[in-house]
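Just need the whole structure built from these sequences, with the hints factored in.
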Amino acid sequence: NAGVTQTPKFQVLKTGQSMTLQCAQDMNHNSMYWYRQDPGMGLRLIYYSASEGTTDKGEVPNGYNVSRLNKREFSLRLESAAPSQTSVYFCASRAPASYEQYFGPGTRLTVT
Amino acid sequence: GDSVTQMEGPVTLSEEAFLTINCTYTATGYPSLFWYVQYPGEGLQLLLKATKADDKGSNKGFEATYRKETTSFHLEKGSVQVSDSAVYFCALSERGVQGAQKLVFGQGTRLTINP
Numbered sequence: 038n039a040g041v042t043q044t045p046k047f048q049v050l051k052t053g054q055s056m057t058l059q060c061a062q063d064m065n066h067n068s069m070y071w072y073r074q075d076p077g078m079g080l081r082l083i084y085y086s087a088s089e090g091t092t093d094k095g096e097v098p099n100g101y102n103v104s105r106l107n108k109r110e111f112s113l114r115l116e117s118a119a120p121s122q123t124s125v126y127f128c129a130s131r132a133p134a135s136y137e138q139y140f141g142p143g144t145r146l147t148v149t
Numbered sequence: 069g070d071s072v073t074q075m076e077g078p079v080t081l082s083e084e085a086f087l088t089i090n091c092t093y094t095a096t097g098y099p100s101l102f103w104y105v106q107y108p109g110e111g112l113q114l115l116l117k118a119t120k121a122d123d124k125g126s127n128k129g130f131e132a133t134y135r136k137e138t139t140s141f142h143l144e145k146g147s148v149q150v151s152d153s154a155v156y157f158c159a160l161s162e163r164g165v166q167g168a169q170k171l172v173f174g175q176g177t178r179l180t181i182n183p
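In order, the protein sequences belong to chains A and B.
The opening position of the first sequence corresponds to residue 38 in the working numbering, with each subsequent residue numbered one higher.
The opening position of the second sequence corresponds to residue 69 in the working numbering, with each subsequent residue numbered one higher.
Simulated from the structure, these hints should not be mistaken for lab results.
The hints are all genuine.
Only some residues are given here: those of chain B computed to face chain A with a beta carbon under 10 Å:
(1) Gln74
(2) Ser161
(3) Gly164
A virtual CB, placed ideally from N, CA and C, is assigned to each residue, including glycine.
Rendered as structure tokens:
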């Protein structure tokens with residue numbers, strides 16, 4: 038039982054490049070989330086998926102797209118990376134009727 | 069929209085000192101409240117929660133009480149250890165689409181405990 042896994046752990050992109058951050062959970066959770074963590078700002082929700090086949094915007098969705106590929110996987114795509122997207126990205130999942138979100142270890146992304 | 073405000077950090081204490089990290093919130097309705105902890109190089113973990121007014125959440129010697137009248141959820145521990153060094157986040161839950169829980173986080177407080 039690996040919990041929530043994220044790949045890659047680190048990534049450096051040039052402005053304008055694209056990439057996809059991968060997230061998978063093996064806990065059979067319905068809800069999945071993508072957050073970004075910036076110094077002094079806590080975590081902010083980018084997108085979430087209440088269940089397989091649905092996705093919705095969070096607080097800071099601009100510049101991102103997501104795909105809920107199946108119940109296990111929820112990917113985050115940057116189509117044209119910008120320096121403002123330099124951040125640490127966390128994926129999380131939650132079981133139905135549970136208060137706790139389980140977080141992955143994070144992806145540290147630098148855009149130059 | 070809903071928001072959470074935490075005391076500014078960083079906070080540095082000596083081992084066995086008393087800890088308080090302040091947290092206040094603004095919300096419509098009555099959200100559930102949480103403290104999450106992030107150890108170096110890791111993701112966040114739930115430390116404790118409270119789901120209604122006057123509830124006290126507790127775990128690992130940490131406590132926080134849901135105070136509706138002051139819209140606060142301050143984190144306390146009577147005697148901190150070096151292993152408590154981490155970043156602490158206060159959060160509240162909003163209801164999203166299809167009943168999904170959306171968390172709104174404070175900015176985080178970095179705690180360092182010196183031996």
